[in-house]
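Colleague: Generate the whole structure from the sequences, applying the supplied hints.
Chains as they are written, first to last, in numbering that gives the first Met the number 0: chain A, 0 to 294; chain B, 0 to 325.
No wet-lab data here; the hints were simulated from the structure. You can trust all of the hints, since none of them are fake.
Covered stretches of chain A (chain B as the covering partner; in silico rule of three or more C-beta atoms under 8 angstroms from a C-beta of chain B):
{"no.": "1", "region": "224 to 236"}
{"no.": "2", "region": "276 to 283"}
Cβ pair distances, simulated, as ranges:
{"no.": "3", "chain 1": "B", "residue 1": "Thr248", "chain 2": "A", "residue 2": "Arg88", "range": "31 to 39 angstroms"}
{"no.": "4", "chain 1": "A", "residue 1": "Leu64", "chain 2": "B", "residue 2": "Asn285", "range": "36 to 44 angstroms"}
{"no.": "5", "chain 1": "A", "residue 1": "Ser187", "chain 2": "B", "residue 2": "Tyr286", "range": "45 to 53 angstroms"}
{"no.": "6", "chain 1": "A", "residue 1": "Ser124", "chain 2": "B", "residue 2": "Tyr286", "range": "24 to 32 angstroms"}
{"no.": "7", "chain 1": "A", "residue 1": "Gly190", "chain 2": "B", "residue 2": "Ala201", "range": "37 to 45 angstroms"}
{"no.": "8", "chain 1": "B", "residue 1": "Gln243", "chain 2": "A", "residue 2": "Ile81", "range": "46 to 54 angstroms"}
{"no.": "9", "chain 1": "A", "residue 1": "Pro267", "chain 2": "B", "residue 2": "Pro169", "range": "41 to 49 angstroms"}
{"no.": "10", "chain 1": "A", "residue 1": "Leu185", "chain 2": "B", "residue 2": "Leu24", "range": "50 to 58 angstroms"}
{"no.": "11", "chain 1": "A", "residue 1": "Phe265", "chain 2": "B", "residue 2": "Val304", "range": "46 to 54 angstroms"}
{"no.": "12", "chain 1": "B", "residue 1": "Thr248", "chain 2": "A", "residue 2": "Leu261", "range": "26 to 34 angstroms"}
Here are some, though not all, of the chain A residues that point toward chain B, as calculated from beta-carbon distances under 8 angstroms:
{"no.": "13", "residue": "Ile42"}
{"no.": "14", "residue": "Leu90"}
{"no.": "15", "residue": "Arg93"}
{"no.": "16", "residue": "Leu100"}
{"no.": "17", "residue": "Tyr101"}
{"no.": "18", "residue": "Leu105"}
{"no.": "19", "residue": "Phe107"}
{"no.": "20", "residue": "Gly108"}
{"no.": "21", "residue": "Leu109"}
{"no.": "22", "residue": "Leu111"}
{"no.": "23", "residue": "Thr114"}
{"no.": "24", "residue": "Gly115"}
{"no.": "25", "residue": "Val116"}
{"no.": "26", "residue": "Ala271"}
{"no.": "27", "residue": "Val272"}
The beta carbon of each residue, even a glycine, is placed where N, CA and C say it ideally should be.
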Amino acid sequence: MFELIGIPPQALFGQLLLGLINGAFYAVLSLGLAVIFGLLNIINFTHGAQYMLGAFVAWMLLNYLGLGYWWALLLAPVIVGITGVILERTLIRRLYHLDHLYGLLLTFGLALIFTGVFKQLYGVSGLPYRAPELLSGGYNLGFMYLPNSRAFVILASVVVCFGTWFMIEKTKLGAYLRAATENPTLVSAFGINVPLLITLTYGFGVGLAAFAGVLAAPIYSVNPIMGENLIIVVFAVVVIGGMGSILGSILTGFGLGLVEGLTRVFYPEGSAVVVFVIMALVLLVKPAGLFGREI
Amino acid sequence: MANQVETIATDLPREKGAGMPRHHLIIFVVLAAALLVAPFLLYPIFLMKVLCFALFASAFNLLLGYGGLLSFGHAAYFGMASYVSAHAAKVWGLPPELAILCGTAIAAVLGLVFGALAIRRQGIYFAMVTLAFAQMVYFFSLQAPFTGGEDGIQAVPRGTLFGLFNLADPETLYFFVLAIFFFGILIIYRIIHSPFGQVLKAIRQNEPRAVSLGYRVNQYKLAVFVLSAALSGLAGATKAIVFQLASLTDVYWAMSGEVVLMTLLGGMGTVFGPMVGATIIVTMQNYLATLGDWVTIIQGLIFVVAVLLFREGVVGVLAKRFRKPL
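Modeller: This is the structure we're talking about:
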């Protein structure tokens, strides 16, 4: 077996794989934030809580209705997405004419409520969620063992990210969306229902968060604070990436996950802060972010 | 402009040479009188907690209400100052006044570094950047050897002020904290009503116009950021001496959210709002502590209601009613 700078390859590839999985979550979550931000101009602080809701809905579907992982992957994003639509219609909509900081504050308050309710109902210890049979095995890649459940997370995340990118950049619906981002008044003059578009976009972005939550359920335990710290890292990812492009947030998400994994190999104490250090450096060199446009 | 944070007008009808407007003077005198009597009627430790958070919220409001900058990471300055002052008092054996100064200084330095980076972005990006930096401070506090990890720094000695007053006596301690509180509040008041404060107001209302008038906008923003961080640090450092404890709670991002809530609820951009907001929130937490997670839920609800229906806050509404800036 070969060694890299004194690090056994199993450890290195193991951490890189973990980093890639974290990156998959960063990518889907920052993608959801980017989609919502694009049209609503609101940083959805509830995103972390909605990710947590996705995991809890998956758990509830299994424990109360007996519907497994595959059903959850399909249903949880829809269910949580619908709650997002309701929030947008009843609350968030009232703030569009104000400074976007109020959107941030409102969604922050909503995040407190969701997290508080689930803490009250389920405690903070975490509930186990079994991965389905199909994902139980794994492959031996020679230099490391790759569990199927983890490989699936990466695969699913890549597929969803690509699908979202394709929908926004290559389809007619995406074209409407991009146009509405640029100039909502003009687009509505063409007879397109912009408020409906906004509502559906929010629902879709929330659905993405919930999808990530379902993916996370078998890997991490399901608990009310699972989104709390993750979302702040995702915010840093967003600042680094710049949120100007859909592709940018996907690439930045995966890339930073890998960087975090590498740091865990070479300097474990720094792994929790490396993303923030990179953010500081990016702000120094390119304040608009790696893929961002200066506004 | 529609995309400005709503704040209550801070224009003061001022005659030349006149100091504080009379209604402000009256409020300050009544406040001082009430706070001098309060420890004989209420539990002093509770009062000191209120004072520390009132100062913290007022320092935060200097940045948000007058600078128009929403920092979502003020826990970093509050919490780091409380760690440093606790460490200075316990390990270095410094007297309380120097320990608090150390904490305040470190908060100012931290504010300078983070502020210089954060003001490169605006609006919600600014909020996210400050939040991310605060989280970095949180992880640092979790891992650094001197902070005591999950336990924090406990049993911090209160010491003897100037070698004369023994702060172990709760009443002496209370008057010390009261003095710090008034010192901080009057500094903030002075900053708001200085030419510097007027320029800040101009920047908040219309940044391009302030730029075109020749003001170095970023320097003003950075200055107010550092001042706000330092005063937040003063509050945090004082709190560490009062409670003889510095812990992760004070650097966690929930604390950053709490100070936003206090300011929003009391009335951002008002002199007295943050104090009222801090009093309401601390009182609520104190008396509802047994309800556990319901406190978080209630805070979330207050946030939602305040943002949707009550953006001017308690004092903002009063100011409108009396048609006087408060």
